[in-house]
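Asks: Here are the chains, one letter per residue:
There are 4 protein chains.
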Amino acid sequence: MAVPTDPQALARACAEAMWADDAASRELGMVLEAVGPGRAVMAMPVTAAMVNGHGLCHGGYIFTLSDSAFAFACNTYNDRAVAAQCSITYLRPARLGDRLTATAAERARAGRQAIYDITVTTPDGTIIAEFRGHSRTTGGVFFKE
Amino acid sequence: MAVPTDPQALARACAEAMWADDAASRELGMVLEAVGPGRAVMAMPVTAAMVNGHGLCHGGYIFTLSDSAFAFACNTYNDRAVAAQCSITYLRPARLGDRLTATAAERARAGRQAIYDITVTTPDGTIIAEFRGHSRTTGGVFFKE
Amino acid sequence: MAVPTDPQALARACAEAMWADDAASRELGMVLEAVGPGRAVMAMPVTAAMVNGHGLCHGGYIFTLSDSAFAFACNTYNDRAVAAQCSITYLRPARLGDRLTATAAERARAGRQAIYDITVTTPDGTIIAEFRGHSRTTGGVFFKE
Amino acid sequence: MAVPTDPQALARACAEAMWADDAASRELGMVLEAVGPGRAVMAMPVTAAMVNGHGLCHGGYIFTLSDSAFAFACNTYNDRAVAAQCSITYLRPARLGDRLTATAAERARAGRQAIYDITVTTPDGTIIAEFRGHSRTTGGVFFKE
Chain A
3 MAVPTDPQAL ARACAEAMWA DDAASRELGM VLEAVGPGRA VMAMPVTAAM
53 VNGHGLCHGG YIFTLSDSAF AFACNTYNDR AVAAQCSITY LRPARLGDRL
103 TATAAERARA GRQAIYDITV TTPDGTIIAE FRGHSRTTGG VFFKE
Chain B
3 MAVPTDPQAL ARACAEAMWA DDAASRELGM VLEAVGPGRA VMAMPVTAAM
53 VNGHGLCHGG YIFTLSDSAF AFACNTYNDR AVAAQCSITY LRPARLGDRL
103 TATAAERARA GRQAIYDITV TTPDGTIIAE FRGHSRTTGG VFFKE
Chain C
3 MAVPTDPQAL ARACAEAMWA DDAASRELGM VLEAVGPGRA VMAMPVTAAM
53 VNGHGLCHGG YIFTLSDSAF AFACNTYNDR AVAAQCSITY LRPARLGDRL
103 TATAAERARA GRQAIYDITV TTPDGTIIAE FRGHSRTTGG VFFKE
Chain D
3 MAVPTDPQAL ARACAEAMWA DDAASRELGM VLEAVGPGRA VMAMPVTAAM
53 VNGHGLCHGG YIFTLSDSAF AFACNTYNDR AVAAQCSITY LRPARLGDRL
103 TATAAERARA GRQAIYDITV TTPDGTIIAE FRGHSRTTGG VFFKE
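Chains as they are written, first to last, in the numbering used here: chain A, 3 to 147; chain B, 3 to 147; chain C, 3 to 147; chain D, 3 to 147.
Excised from the complex, chain A in its bound form (with noise of 0.2 Å):
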């Protein structure tokens, strides 16, 4: 495959190679909502499978949304990225039924590393928590020249 030169369409296209590839964040009814070069939005309801007796989501699944809507941001130039450190700040609790949204943006790069936002939210835009990803690219590529 050509590699787009147009970097929204490259980022769309490594999108849809991850996405292939990312059978777990499919199997937990993610839906990759929106991407561009540097920035992803993830959504994802709150199963029963997701929380505890009292219907609040446990704090690994609120990450693991972060996570995902995370890689997809820092995979949209080409450069195979993976994550490297991560951590996430619970403010309110998240419960069964409600559909997050991680909305993911670039804050900085240097070199092989970046660091990226994740703030995931109800639909009502109450911040559940706030997630800070740092990423080191592989050395990889999606699409070869």
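Note that these hints are calculated values from the structure, not bench results. Using N, Cα and C, we set each Cβ at its ideal position, and we do this for glycine too. Among the hints, erroneous ones may be present.
[To be verified] With the Cβ distance kept under 10 Å, some of the chain D side facing chain C (calculated, not the full set):
1. Ala25
2. Ala73
3. Val84
4. Ala86
5. Pro95
[Stated by the list, open to error] Far from chain C, by Cβ distances over 12 Å, these chain D residues were calculated:
6. Asp8
7. Ala15
8. Val33
9. Leu34
Go by the hints and put chains B, C and D onto chain A.
Replies: For chains B, C and D alone, coordinates are given in the frame of chain A:
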């Protein structure tokens, strides 16, 4: 129920109450292998639902295992605690079929906050990830005096 | 003193009270360039006392500048707040003679906790470091009603 | 200079090379109390220049002490390493006149990256702060074969 006065018995009783309520961890195949005051060991197999097309585990599941071990370790004193902020560093990939063990130990306490360190390993001791969690007590208890 | 009702005037008054008490930041040559509700801009020159034999700034001073900008930004609502947890990522070295600017902006708030992001740059906009700070209000105030 | 073959002697030699170059740490009154493979202990008095009007130490100096202990600990193998990302949690205030000790220990290594944990205490063992540092080797050395 009378509150156990022995710290180990109290930790065990708190863990049983947590476990009964934690459908999410149970559904992921986690097993609580050990628990004591300020510590917990949780294991989980990497299943097909957790991996990508190359058989590599999604980082979110490594985090989720760590987060569960952290939650059990910080809830061993009959003071209910919740995760406030967590960070994880990925050191090596985990693969389909790996049995991962997360060992959580208390690092420090001050007032209502505490810090726990969790190391995720494979059976031969290879370190997959290091996780640090910050907890905060809520004022609630598992067992009333 | 009457508590200013205008948010910008209140932020300024809080900053003046902070500044009068903050000998450490003053002694390092910091200048508070701007302040407003949930935000602050602080600058500092890299002096000979801050560098190693190669003229590179000790990371501790880059952190300290960021931490001061964070402290001013999270203390702009007449609710005294303290730093609970901070992280910094070093992206590029700072050098003797560089004038560093730390720009702090509020990311999210929930109850007594808040998250601030601070970017440290040189005058040409090069990003030296990214800092994320978690604050917690103490219950105290600068000005009583 | 011949590269010491004994790990403890090598750690000591690396530390001496670091110390000779680290004017910033020396000017803050730091003392390197111990060093060994993957570990270091650094002490510093809290002076008048480091405190606010209430005699409380600016968090930046607690970080700086930790960061120096971290730098010495991660540079004990003749592989030059730099700090990539650091986080600190403040547990209790430090006061004018306190002598702070930062004890750095290696947590994990993988390829070029490593994780160090640093605990800052007062002489009676009270924990002031917990710091976690991520280092990365640069490819350089202190002593050529």
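Asks: Could you work out which of the previously given hints the structure breaks and list their numbers from low to high?
Replies: Every hint satisfied by this model.
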